[in-house]
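When we follow the numbering used here, the leftmost residue of the sequence shown carries the number 21, and every step to the right adds one.
None of these hints come from the bench; they were simulated from the model.
Note that the structure is predicted; figures quoted are calculated from it, not measured.
Please note that a few of the clues may not be correct.
As the list claims (entries may be wrong) - Only pairs whose alpha carbons sit at most 27 Å apart, straight line, appear in this in silico DSS-like list of lysine-lysine:
1) Lys44 <-> Lys68
2) Lys46 <-> Lys68
3) Lys43 <-> Lys68
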Amino acid sequence: MPEISACAGRSPLRDLHVPRPVKKSKTVYEGRVWDIARESFRMDPEHKGQDPLTRELMVHPGAVAVLAVRTQLSTVGPREQVALVRQYRHPVGMELWEVPAGLRDVDGEDLHQVAVRELAEEADLRAREWHTLVDYYTSPGGSTEAIRVFLARQVEEIPEAERHARTDEEAAMPLAWVGLDEVTDAVLDGRVHNPSTVVAILALGAHRAQGWRRLRPVDAPFVPDRHGPGADWPA
Numbered sequence: 021m022p023e024i025s026a027c028a029g030r031s032p033l034r035d036l037h038v039p040r041p042v043k044k045s046k047t048v049y050e051g052r053v054w055d056i057a058r059e060s061f062r063m064d065p066e067h068k069g070q071d072p073l074t075r076e077l078m079v080h081p082g083a084v085a086v087l088a089v090r091t092q093l094s095t096v097g098p099r100e101q102v103a104l105v106r107q108y109r110h111p112v113g114m115e116l117w118e119v120p121a122g123l124r125d126v127d128g129e130d131l132h133q134v135a136v137r138e139l140a141e142e143a144d145l146r147a148r149e150w151h152t153l154v155d156y157y158t159s160p161g162g163s164t165e166a167i168r169v170f171l172a173r174q175v176e177e178i179p180e181a182e183r184h185a186r187t188d189e190e191a192a193m194p195l196a197w198v199g200l201d202e203v204t205d206a207v208l209d210g211r212v213h214n215p216s217t218v219v220a221i222l223a224l225g226a227h228r229a230q231g232w233r234r235l236r237p238v239d240a241p242f243v244p245d246r247h248g249p250g251a252d253w254p255a
């Protein structure tokens, strides 16, 4: 079978921003954090005789995640560690090891501000060096949720008197610094399942293998999430 180029030699491989006009939209469920909408559209907007498709989707505000990395000296030399929190996730009935993360639910905050806040609130940490690590959709077949994962380095603990008071699921959420190789093995062995953690760890390995030259700035353009605040599509 001949190879088919997705780019046809014109530009680097990238997803295409070609939303179909929505003919009908209705919110069928209003939730505390996200809603469920039912939308109808035509795959070919010019084909007037084509029956519309109807899909239900989660309307999500979007989120950020933070992979905080530090280097510790050991008897065998420098050792990279990443910050993980263990949080109970009721839908799957499991306590998952996760990178700190949170919703874009404060008006006026840009993505980096959300990341700084979440790292402080969930892990009592702050960082002096920030980069964009990777962007992804959690479930593009059924949700608008888009997540940016940041890389945070030169990390330090926040003094106890300045720390956020955690409640609900976050109240019993321990922090652990775990060796990067150990976390990578856990991801590849199927022992760690949180999507942001899996994506972040694999992206970190790819960036490290390429000498960090592909890291994007902290304010790099973000993928679109139609129903979320402040997103734009890369030119």
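Now the hints, each set against the structure:
no., hint, result
1, Lys44 <-> Lys68, "holds (15 Å)"
2, Lys46 <-> Lys68, "holds (22 Å)"
3, Lys43 <-> Lys68, "holds (12 Å)"
In summary, this structure violates none of the numbered hints.
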